[in-house]
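For reference, the chains in residue letters:
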Amino acid sequence: MKSLNRRNFLKSGFAGGALAAFLGREKPAQAREFSGYTNKGTGVLVDLSRCVGCRSCEAACNREQNLPEPDVPFDDFSIFDMERHGGLKRRTSEGVFTVVNRYNPEELDHPLFRKFQCNHCEEPACLTSCFVNAYTKTPEGAVMYNPKVCVGCRNCMIACPFYVPAYSYSKAFNPIVEKCIMCYPTRLKFGKPPACVEACPTEALTFGSRVNVLKFAKERIRQHPDIFVDHVYGEKEVGGTAWLYISPVDFKKIGFDMNLGHEPIINYVKSFLATVPMVLTIWPALFAGFYRLANRKDGLEKEKNEGAREESQS
Amino acid sequence: MKRYTAKGKIPVASLTNEDGKTRYTIVNKLLLGLSIREYIIQALRNPMNWLLCAIFAVGFPMLIGRFFNGLGSVTHASYDYPWGLFLGVGLFAMVPMSASGFMLGTTVELFGRKDFKPIERLALLNGLLGYFFAVVFLLVDLGQPWRLVYPMFVSLGPAAVLFLVAWHVATYLSVQVVELVPAFSEWMGWVKPKVVVKSMILGLTVAGIILSTLHQGALGALFNYAPGKVHPLWYSAPFLWFHFLCSSIFAGLSMVIVVSTICKRTMAWRCDANFLDNLDEITFGLAKGCVMALSTYLIIKIIAIAHDSDWYYLLTGWGAWFLFELIIGTIIPLVLFTFGIKNRMAGLIRFTALITLFGIVLNRLNTSLFTFNWKLYQEIPHIKEVMITITLYAVFIVTYRFILYRLPILYTWQSSEKVKEEA
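Chains as they are written, first to last, in this note's numbering: chain S, 1 to 314; chain E, 315 to 737.
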């Protein structure tokens with residue numbers, strides 16, 4: 001072994017130093033965890049204790065988005081008794097981007113109303129499952145959909161944990177996904193709150209940067225521990241959502257799915273995605289090796305025969 | 315056709331007439347060496363054709379209706395159930411049953427098991443057609459099928475599992491077309507393409523393995539996106555893709571056993587001695603492959619339950635349904651295959667292969683449809699959805715039969731020796 005003298009030590013030291021300088025400064029541990037796109041993203045807090053079920057938000061949404069005339073007028077409250085397939089409450093659909101449903105939890109002497117629309121996830125499942133990149137998350141926090149590239153595979157509907165994207169099945173030639181876009185093109189882009197927020201007469205909806213809205217929600221729970229359960233729905237669910245909810249009763253009782261977990265949906269897919277490059281790189285060598293092994297006998301025999309032939313010729 | 319062969323008519327199996335001088339024309343080849351009259355008579359005599367006609371008469375108007383009135387008019391696809399029978403049967407069940415191409419390609423070309431050669435082309439064709447029709451089913455299901463190439467060229471979303479499926483199915487489809495070029499060029503009387511393909515067969519085979527591993531798995535991984543929707547017994551984030559891959563192995567092999575049985579029964583005139591005499595032995599070999607894949611699958615299924623600690627669900631109604639699937643689709647086939655191999659009962663193995671296929675279809679439908687949204691409500695497919703699915707499957711059978719009748723899949727083309735003799 002070569003001894004390490006001063007000269008060699010310096011040489012390798014310089015070389016190593018130069019290499020390190022070339023490769024750049026040490027980076028902080030790279031983002032393995034995901035905590036939202038930007039802190040600039042906006043959000044809306046829905047205070048369920050304040051909602052009175054007036055459906056003003058539904059009407060405002062309909063106007064703002066130029067949606068078709070509703071089946072039941074917005075001042076008809078018999079709609080709260082309606083049930084759809086499977087005994088489920090009303091949901092968003094093609095032409096309806098937000099709905100309000102009524103619940104009657106036992107511990108309250110009055111009904112609770114819950115607004116439902118796209119929650120604009122921090123790391124949207126629809127976006128990560130789309131194979132034509134039809135979805136984008138704007139810096140303002142809205143999850144947008146581009147109907148011009150959508151093929152109609154409906155994988156986003158499979159992936160969305162909130163069952164939000166609605167497909168226009170009735171259209172034969174240009175069916176698209178329809179969902180709340182947080183009024184991005186007309187309002188959010190210019191820093192204005194979505195139409196539903198502005199229309200709410202009871203201030204059940206609060207618009208602002210997601211960070212502030214979240215602080216505000218926690219503050220409200222802290223100030224009124226007698227009213228609210230200690231949970232901000234959407235703070236951590238499936239990686240966090242732009243729309244946040246606080247409620248006077250257990251979220252489970254008013255139609256929220258409490259089994260979604262805190263991982264963004266894409267995290268369930270990563271283990272498979274990681275195998276892809278491994279298969280692509282390992283399989284060729286592995287199976288070429290198998291081929292060599294399996295056909296080794298043939299090769300040996302051939303060699304032997306050739307050898308024998310050469311011998312007989314000479 | 316049986317009657318004609320009994321009368322001494324020999325179906326076209328070479329480039330030239332019996333006298334060895336006049337070359338068969340394309341028309342001769344297409345009509346199997348019969349006159350048009352004879353051909354039509356034999357076609358009308360076949361009861362299967364009447365059944366197919368009846369299916370088409372009902373199904374095609376519905377299929378056309380789907381393209382003019384939208385998916386909503388023929389399916390129960392909803393906001394909660396975006397995927398129905400078209401994908402459940404046509405993609406998720408069809409693709410594993412078409413894994414035969416890469417399985418037998420690997421066995422023969424890579425592992426050098428020449429004893430499986432007589433069935434290799436049938437397995438390749440089964441793979442090619444299965445994939446092709448999976449794409450056809452997909453085209454019927456897509457909202458805007460004319461945008462099928464968008465993920466390839468227009469707007470790419472490479473981080474999505476479906477992106478991988480799209481690219482791999484497309485690439486693998488072309489690999490399988492190339493793998494069947496030899497059969498087609500023999501029939502057409504071309505020499506060069508066959509030589510070219512032969513020189514790259516190892517590369518094609520390895521490409522087939524890579525692409526199959528990934529997209530068979532990817533079809534399972536598509537459901538990784540729905541952790542709260544697929545029932546936990548069928549869902550397992552780390553193992554789902556491997557369940558799909560592993561089960562595709564015995565699904566593909568069982569499909570070859572079943573298809574070869576049908577060929578032997580219904581078109582023995584088209585099979586040559588090389589195929590018929592070796593079939594039983596090959597069937598045993600395929601069954602051995604099934605046993606290995608089935609036992610792996612069974613263990614990895616149990617490991618997935620243990621890993622996610624889903625034991626509790628086995629005691630529920632869904633658990634009973636899960637055990638039913640596992641027993642019918644995995645354990646019973648495992649026992650019957652083993653018994654059949656031990657006692658050399660080819661008939662039993664063929665029957666077991668059929669059960670195995672039932673099991674695999676049930677598994678794919680359970681994952682994509684029956685246990686999907688287990689917390690909401692269960693959806694029953696629209697009657698037109700069922701009819702269109704049957705119709706497309708009938709088209710699949712007609713195409714399959716058309717090719718089997720003509721190309722040298724079940725029999726060996728007789729030109730090569732003659733060409734050599736002449737030269």
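Hints are computed from structural coordinates only; laboratory data are not their basis. Be careful, since some hints might not be right.
Unchecked claim - Taking lysine to any residue pairs in the SDA-like style, the calculated list, with each CA pair at most 20 Å apart, reads:
id	chain 1	residue 1	chain 2	residue 2
1	S	40	S	192
2	S	171	E	394
3	E	428	S	293
> Is it true that the CA of residue 40 of chain S sits at most 20 Å from the CA of residue 192 of chain S?
Replying inline: holds, 14 Å
>> Next pair to validate is residue 171 of chain S with residue 394 of chain E; report whether the Cα-Cα distance is within 20 Å.
In response: Roughly 18 Å between the alpha carbons, so the hint for residue 171 of chain S and residue 394 of chain E holds.
> For the pair supplied as a hint, residue 428 of chain E and residue 293 of chain S, is the alpha-carbon distance within the 20 Å limit?
Replying inline: Since the Cα atoms of residue 428 of chain E and residue 293 of chain S sit roughly 15 Å apart, the hinted pair holds (cutoff 20 Å).
When held up to the earlier numbered hints, the structure conflicts with none and fits them all.
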